[in-house]
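S.K.: Whole structure, please, built from the sequences with the hints as guidance.
Protein sequences appear in the order of chains A and B. So the first sequence is numbered by the numbering used here: it starts at 188 and just counts up by one. So the second sequence is numbered by the numbering used here: it starts at 706 and just counts up by one.
Keep in mind the hints are simulated off the structure, nothing from the lab. Mixed in with the good hints there might be a few duds.
[As the list claims (entries may be wrong)] Capping the alpha-carbon separation at 30 Å, the derived lysine-lysine pairs in DSSO-like fashion look like this:
hint: 1; chain 1: B; residue 1: K744; chain 2: B; residue 2: K854
hint: 2; chain 1: A; residue 1: K393; chain 2: B; residue 2: K709
hint: 3; chain 1: A; residue 1: K237; chain 2: B; residue 2: K709
hint: 4; chain 1: A; residue 1: K327; chain 2: B; residue 2: K941
hint: 5; chain 1: B; residue 1: K878; chain 2: A; residue 2: K323
hint: 6; chain 1: B; residue 1: K941; chain 2: A; residue 2: K237
hint: 7; chain 1: B; residue 1: K896; chain 2: A; residue 2: K412
hint: 8; chain 1: B; residue 1: K777; chain 2: A; residue 2: K237
[Unchecked claim] To be clear about the criterion: a stretch of chain A counts as covered by chain B if any three or more of its residues have a C-beta under 8 Å from a C-beta of chain B, and this derived list gives those stretches:
hint: 9; stretch: 263 to 272
hint: 10; stretch: 280 to 288
hint: 11; stretch: 337 to 345
Every residue, glycine too, gets a C-beta built ideally from N, C-alpha and C.
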Amino acid sequence: MKRRPIPPYPQLGDDIFIEAYRTFKSNDKELTPRDLDDGTIHLDEWTPEKELTVQMAFEVSALKSLKAECSKIIRKNAECSIAIRWSSKGSMQSGWSNDSISLFDKIDGPRTVSMTIGTGSLRDTITIETAVLISKATSKAAASGEAHRCNIQGAIIGHIAHPSVIRIDGTGSVFPVYPTSDLSETDPLWQLECGWDDCRFSTFSKENVRILINTNHVDCPNEWKEGNNERNLSPLSKNIIRDAIGTMLIHVKHNEGEDAWKAIEGSADLHSADFERGSIAHALWHFFNTYEMNDSSPSRLMESSGKIKL
Amino acid sequence: MNYKPLKKTEARALIDSYASVGVTELIHDLTDDEKNLKKKFGERYWDKFPSSSSSDKSFKKIDEKDDLELAKLLYFDWLSLDGVISIREASDDGFWRNLTCRVVPAYTRCRWGHSGESPWNEGRFYNSPQRNSLKVLWWFLHLANQGDKIKTSKVIRNCGSDQISQIVDRVGKGYDVELTRAIFRVLGKLKNQTEISDALRKAMKLNTMRRETTSPTFFKNGYDGYALALFEASSK
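M.R.: Next comes the structure, spelled out in structure tokens:
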């Protein structure tokens with residue numbers, strides 16, 4: 188389970204509720220986010236070849252309320268601001284918005300903070316977080332009772348709302364199944380291709396994992412045979428997918444180690460998890476916890492993967 | 706660039722086929738862009754690559770001193786962001802696997818094929834995305850880029866393969882490119898490779914922790930101030 192580093196100074200609590208309005212735009216056109224099954228969002232009208240602007244808007248009351256909370260944990264005469272942080276392991280990039288909202292300027296109307304990511308920059312997923320930081324430290328000595336408070340310029344003292352994760356590639360839900368006629372009738376009915384690099388960040392998509400169904404096999408379910416457009420899964424196909432999920436989990440344990448799997452399995456929630464939404468680890472975490480799978484032995488694991496509802 | 710992204714399993718099968726037949730590469734149906742790139746590599750390394758494309762015996766080692774020059778060629782000319790590829794393509798592991806395994810396997814074979822137990826250094830071809838021989842060089846230059854070739858050459862002039870690994874290996878949840886470029890501006894002022902190696906290792910280690918709790922944007926003097934503070938704090 189991922190734990191944010193605990194700095195030796197007070198921070199805004201996780202329970203703080205500050206109302207914020209998130210907007211996505213591309214070339215000044217507002218985009219409508221669509222929620223996917225895995226908790227990520229998809230921007231249907233946007234492609235990575237276009238620029239993407241993320242904007243967070245706050246009402247006066249929300250900013251004043253946040254300023255009051257911040258004043259309790261930073262030193263007198265220090266100041267703080269809101270900024271946007273983004274990270275995308277798949278795109279190998281991260282950064283901060285150049286724009287920010289100072290909570291210590293005169294707040295006489297709603298304010299926005301935004302950032303724009305250029306064309307052709309992103310792949311897989313991007314995580315957007317809204318952070319509160321110390322934008323001006325004070326040079327004055329700490330007053331009585333505030334020596335433990337943070338006075339480091341740039342220090343993050345809290346986050347507002349849960350992160351938004353935008354899915355750029357992949358489907359975020361359906362297990363990738365590929366029928367192939369390249370295999371012979373003596374080859375296995377199905378095989379699982381595991382080609383991911385790090386299950387915590389690699390997307391649960393056909394580029395990283397897929398089930399190959401051998402259409403030349405005598406037992407190949409009809410829905411995968413050439414010319415058949417029927418895509419309702421037969422009981423055999425469902426069992427193949429269930430077994431593939433169990434096999435994926437064994438693959439992670441074997442290749443990335445028991446400890447790595449324990450860290451994934453034990454994640455309390457998506458917010459604190461040390462894996463990206465839409466990743467292979469996320470899919471496994473979802474199946475394992477939703478269907479109370481048992482990984483005490485390979486046979487128990489495969490038995491319990493049979494309970495997965497498809 | 707018109708290219709075919711290569712899956713890890715496909716890349717493995719290709720390298721296995723070269724190794725089993727005893728050749729450095731096999732003939733592939735390349736796109737015009739791929740042929741053009743292959744030609745450039747061929748011209749640069751005409752004296753290193755095997756004399757016959759079907760032989761795996763006559764290649765010569767490419768020295769690591771060549772890394773920086775090739776990195777500059779890749780980033781500023783052959784695979785530039787100025788219309789040849791995009792960052793989205795440059796972050797696609799399949800793009801790099803295709804280049805190292807299908808388009809110019811001879812380069813990686815000559816540069817990395819001599820050490821270790823396997824003559825085919827899988828990590829540099831397809832198995833470790835952060836070690837792909839060409840990806841590492843391109844991203845090193847991207848992370849060091851100061852706007853043009855002359856300024857960039859100046860800040861990386863004392864860097865070697867150790868520094869390339871120290872920077873590129875630490876992708877974390879994504880490089881903060883503005884920060885790495887500021888780090889290179891500090892590195893550019895250091896005198897020699899020994900001094901750079903030690904200072905960079907300590908500074909990058911400190912940054913791994915500090916970036917979780919601090920943003921360079923509000924730091925005194927912004928990214929440059931943050932980068933300088935990393936080196937100062939880690940040298941104490």
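S.K.: Hint by hint, which ones does the structure fall short of?
M.R.: 6, 7
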